[in-house]
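There are 2 protein chains.
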Amino acid sequence: MSATSNSPELFEPLNPPPRLLMGPGPINCDPRVLHAMAMPPLGHSDPTFWRYMDETMVLLRQLFRTENHWSFLVNGSARAGIEALMISIIAPGDRVLVPIFGRFGHLLTEIAERCGAETSTIEVEWGAVFDPAQIDAAIQKHQPKLVALVHGDTSTTTVQPLAEIGPICRRHGAFLFVDATATLGGMPFETDTWQIDAVAAGLQKCLSGPPGTALVSLNERVVEAIATRQHIEHGIAPADFEPPLGPKIQSNYLDIPMLMKWWSGTRLPHHTEATPMLYAARECARIALADGLETSFGRHQLSSNALTAGLEAMNLELFGDRAHKMPNVTGVLIPNGIDGEAVRRDMLDCFGIEIGTSFGPLQGKIWRIGTMGYNCRRQNVLICLAALETALLRRGYPARAGAAVEAALGVYDVWDARSTPAALAN
Amino acid sequence: MSATSNSPELFEPLNPPPRLLMGPGPINCDPRVLHAMAMPPLGHSDPTFWRYMDETMVLLRQLFRTENHWSFLVNGSARAGIEALMISIIAPGDRVLVPIFGRFGHLLTEIAERCGAETSTIEVEWGAVFDPAQIDAAIQKHQPKLVALVHGDTSTTTVQPLAEIGPICRRHGAFLFVDATATLGGMPFETDTWQIDAVAAGLQKCLSGPPGTALVSLNERVVEAIATRQHIEHGIAPADFEPPLGPKIQSNYLDIPMLMKWWSGTRLPHHTEATPMLYAARECARIALADGLETSFGRHQLSSNALTAGLEAMNLELFGDRAHKMPNVTGVLIPNGIDGEAVRRDMLDCFGIEIGTSFGPLQGKIWRIGTMGYNCRRQNVLICLAALETALLRRGYPARAGAAVEAALGVYDVWDARSTPAALAN
Numbered sequence: 120m121s122a123t124s125n126s127p128e129l130f131e132p133l134n135p136p137p138r139l140l141m142g143p144g145p146i147n148c149d150p151r152v153l154h155a156m157a158m159p160p161l162g163h164s165d166p167t168f169w170r171y172m173d174e175t176m177v178l179l180r181q182l183f184r185t186e187n188h189w190s191f192l193v194n195g196s197a198r199a200g201i202e203a204l205m206i207s208i209i210a211p212g213d214r215v216l217v218p219i220f221g222r223f224g225h226l227l228t229e230i231a232e233r234c235g236a237e238t239s240t241i242e243v244e245w246g247a248v249f250d251p252a253q254i255d256a257a258i259q260k261h262q263p264k265l266v267a268l269v270h271g272d273t274s275t276t277t278v279q280p281l282a283e284i285g286p287i288c289r290r291h292g293a294f295l296f297v298d299a300t301a302t303l304g305g306m307p308f309e310t311d312t313w314q315i316d317a318v319a320a321g322l323q324k325c326l327s328g329p330p331g332t333a334l335v336s337l338n339e340r341v342v343e344a345i346a347t348r349q350h351i352e353h354g355i356a357p358a359d360f361e362p363p364l365g366p367k368i369q370s371n372y373l374d375i376p377m378l379m380k381w382w383s384g385t386r387l388p389h390h391t392e393a394t395p396m397l398y399a400a401r402e403c404a405r406i407a408l409a410d411g412l413e414t415s416f417g418r419h420q421l422s423s424n425a426l427t428a429g430l431e432a433m434n435l436e437l438f439g440d441r442a443h444k445m446p447n448v449t450g451v452l453i454p455n456g457i458d459g460e461a462v463r464r465d466m467l468d469c470f471g472i473e474i475g476t477s478f479g480p481l482q483g484k485i486w487r488i489g490t491m492g493y494n495c496r497r498q499n500v501l502i503c504l505a506a507l508e509t510a511l512l513r514r515g516y517p518a519r520a521g522a523a524v525e526a527a528l529g530v531y532d533v534w535d536a537r538s539t540p541a542a543l544a545n
Numbered sequence: 120m121s122a123t124s125n126s127p128e129l130f131e132p133l134n135p136p137p138r139l140l141m142g143p144g145p146i147n148c149d150p151r152v153l154h155a156m157a158m159p160p161l162g163h164s165d166p167t168f169w170r171y172m173d174e175t176m177v178l179l180r181q182l183f184r185t186e187n188h189w190s191f192l193v194n195g196s197a198r199a200g201i202e203a204l205m206i207s208i209i210a211p212g213d214r215v216l217v218p219i220f221g222r223f224g225h226l227l228t229e230i231a232e233r234c235g236a237e238t239s240t241i242e243v244e245w246g247a248v249f250d251p252a253q254i255d256a257a258i259q260k261h262q263p264k265l266v267a268l269v270h271g272d273t274s275t276t277t278v279q280p281l282a283e284i285g286p287i288c289r290r291h292g293a294f295l296f297v298d299a300t301a302t303l304g305g306m307p308f309e310t311d312t313w314q315i316d317a318v319a320a321g322l323q324k325c326l327s328g329p330p331g332t333a334l335v336s337l338n339e340r341v342v343e344a345i346a347t348r349q350h351i352e353h354g355i356a357p358a359d360f361e362p363p364l365g366p367k368i369q370s371n372y373l374d375i376p377m378l379m380k381w382w383s384g385t386r387l388p389h390h391t392e393a394t395p396m397l398y399a400a401r402e403c404a405r406i407a408l409a410d411g412l413e414t415s416f417g418r419h420q421l422s423s424n425a426l427t428a429g430l431e432a433m434n435l436e437l438f439g440d441r442a443h444k445m446p447n448v449t450g451v452l453i454p455n456g457i458d459g460e461a462v463r464r465d466m467l468d469c470f471g472i473e474i475g476t477s478f479g480p481l482q483g484k485i486w487r488i489g490t491m492g493y494n495c496r497r498q499n500v501l502i503c504l505a506a507l508e509t510a511l512l513r514r515g516y517p518a519r520a521g522a523a524v525e526a527a528l529g530v531y532d533v534w535d536a537r538s539t540p541a542a543l544a545n
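So the sequence lines, in the order shown, correspond to chains A and B. For the first sequence, this note's numbering assigns the number 120 to the initial residue and increments by one for each residue that follows. For the second sequence, this note's numbering assigns the number 120 to the initial residue and increments by one for each residue that follows.
Keep in mind that the hints were calculated from the coordinates and are not lab data. Please note: incorrect hints may appear among the correct ones.
All copies of an identical chain are treated as equivalent in the list; a pair is satisfied when it fits inside any one copy or across any two copies.
Taking lysine-lysine and the DSS-like style, the derived pairs with C-alpha atoms no more than 27 angstroms apart in a straight line are [said to hold, decoys possible]: (1) Lys380 - Lys264; (2) Lys380 - Lys484; (3) Lys367 - Lys264.
Taking the hints into account, I'd like the entire structure generated from these sequences.
Written out as structure tokens, the structure reads:
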């Protein structure tokens, strides 16, 4: 037994091979974010630590395009933020509607069920999105308290337009929760204008950061609804604390009202904040805002245009509804007779480039190529196309040598000729 | 509204002031761990990433002193690991017993209640611990499925002896869960020998790492008990998946059986693993094991001895049952007439040293001084004593100048004279 032997089993020092992560996320972090994580930690009653928390809230509001005071972090993956909001809003027996257009709609359904919700779903085929009228009709039929919806579902590479959904939900008295993990920072997202009540995201897609913390924002409608479930832990509650009237939230770790107390001026302790993730979130937001959100959206769209032009020049077929394609992830049908996994392996082994496959009905049917955040730049699009061409040729696919990169360069040339700011073509 | 203004509010680049964190945690990270976090991330289907996951499991087994295959990470604070294990073991209506001897016993109670458990508690005054016979009697009375117990409760600085508790639980057919957040790496912890069924910990105390991931381990008894709740998300479940017979675990994010599938050879995806936290955990474990656990325990005990000698030389009174004092945190009664918060402020403002106060009945009554992990070393004990002496003198407390450091040095001298390995006196 290793635990009792005299010489412990230690393995080699950490030495990850260099990779270009062009899958659906996580992606390579901006080096400034990696450096931020390595900054010395502070104690959690340190005035500077509290200032960083407050500053992060201000930065997140700008990312989410909201005036919501309650814009903060939930330590865990993006999924932890999703579950925190849903478990805090949903009391057992509440009705929840989930329109499903990919894997992550199933995840929202799954979470709603575990919250004890009476859950209804509507579905479209993977690759499509909903017409707002379909969601309107489903709300009228099911009368949900909460509609939970994914913005961009990386499993299908499609993005659900949201501008009309918020007003529909509000008209019927439902809350709208949106999972913006895969889109925040990569395309317009308007929390307030679109009347989204609660939203969760992560850093590891278009925000150039690591996985490990969720970003959440909720408006006053939600705050009011969950206030009746506001609870304080016995070990730290003041003697005169009156227990709330509403049902207790069924998670302590993911209890949004308790997290709000920690992110408020009272700093009532909850869990030990993940300092490196606070530093990372603050730095990711600063970088995105300093670049300018519009600039970032433009860069993601340009990369998508160049990548798709290159793929089509190889006679590859894109997956999904082109009118609703996410700019940061591109689905490609694996050609008949080509071993998709062998191509992915060649990409990784020969070039150090990772691309993804997908889940469920799309597993082994499509590749997914990400162009997001720090990795969303011309050189990566071109190297990825060149590498894919090579890998396909090795497997006998009749790609015309050089065509993909030429086609992509053509997109960049047109863009440059329009004398758009150079930053866009980075 | 800042979100729509043309110039975003960005704040200054991250620049945390240098601090010596001598509170109850988090502590200063070992620089090797900070560097590990800043290593380039890998994709989550990368063979090297999977190897790092497997290696981390081997390393955690050695830290926990267990042969439990299922020793892995839960992304979130230590509390996330605690809740994951409890919520996966407890089905609504199950009986749970929590012996409470500080704040974190209240936390376990709180979590058990939110899991829908029928929860019983027994309590001793803060500063004391339980006699095993008290726990035995309570188990016989309440017949719990699970006993949930804190090992070292930093709120009171006392540690509950565990060696007899596991066998008592097993005799009565109860599972034993232990929260070892504040002790793992700082004093002996024997998961298997003590017959502990499930255990959770963090990196940010005696393991010299950051807050942000939990370490968990569970044995085959627990695996068997939760197997009936094994569930697979609809979006990724194979078509022939049969839903389990047991009640669904009421959290998706903290579902241990699903995490086990991700940490198994099948790598069935769950959440996006927090890469920097995997790197950090692997490095923390490597450092602790390379130093040697016994050496680390000795260093924590020596620091505790030196610190307490210094505090007593200032005629300060220690808090809590000395026979069961944690070696890594020391509670000191704030002397009558001294403004405890002013002293803490002076320590921080003049010396950059953070010490803690406590919670609930002990808030403002004691200071808590931590000597753990990377910070557990002679120079820190001495600088902390000298700074505390200065701060006390400024507030009119009659400390005899130099006495504290002399007393601590005396402890180190005796230790050195015994010609114990030099590493211990670091």
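Hint by hint, here is what the structure shows:
Taking the shortest Cα distances, Lys380 and Lys264 sit within 27 angstroms of each other inside one copy (25 angstroms), while across copies they are farther apart (33 angstroms). Taking the shortest Cα distances, Lys380 and Lys484 sit within 27 angstroms of each other only across copies (23 angstroms), while inside one copy they are farther apart (46 angstroms). For the identical chains of this complex, Lys367 and Lys264 are neighbours both inside a copy (18 angstroms) and across copies (22 angstroms), given an alpha-carbon limit of 27 angstroms.
Violation of the numbered hints given earlier is absent; every hint is satisfied by the structure.
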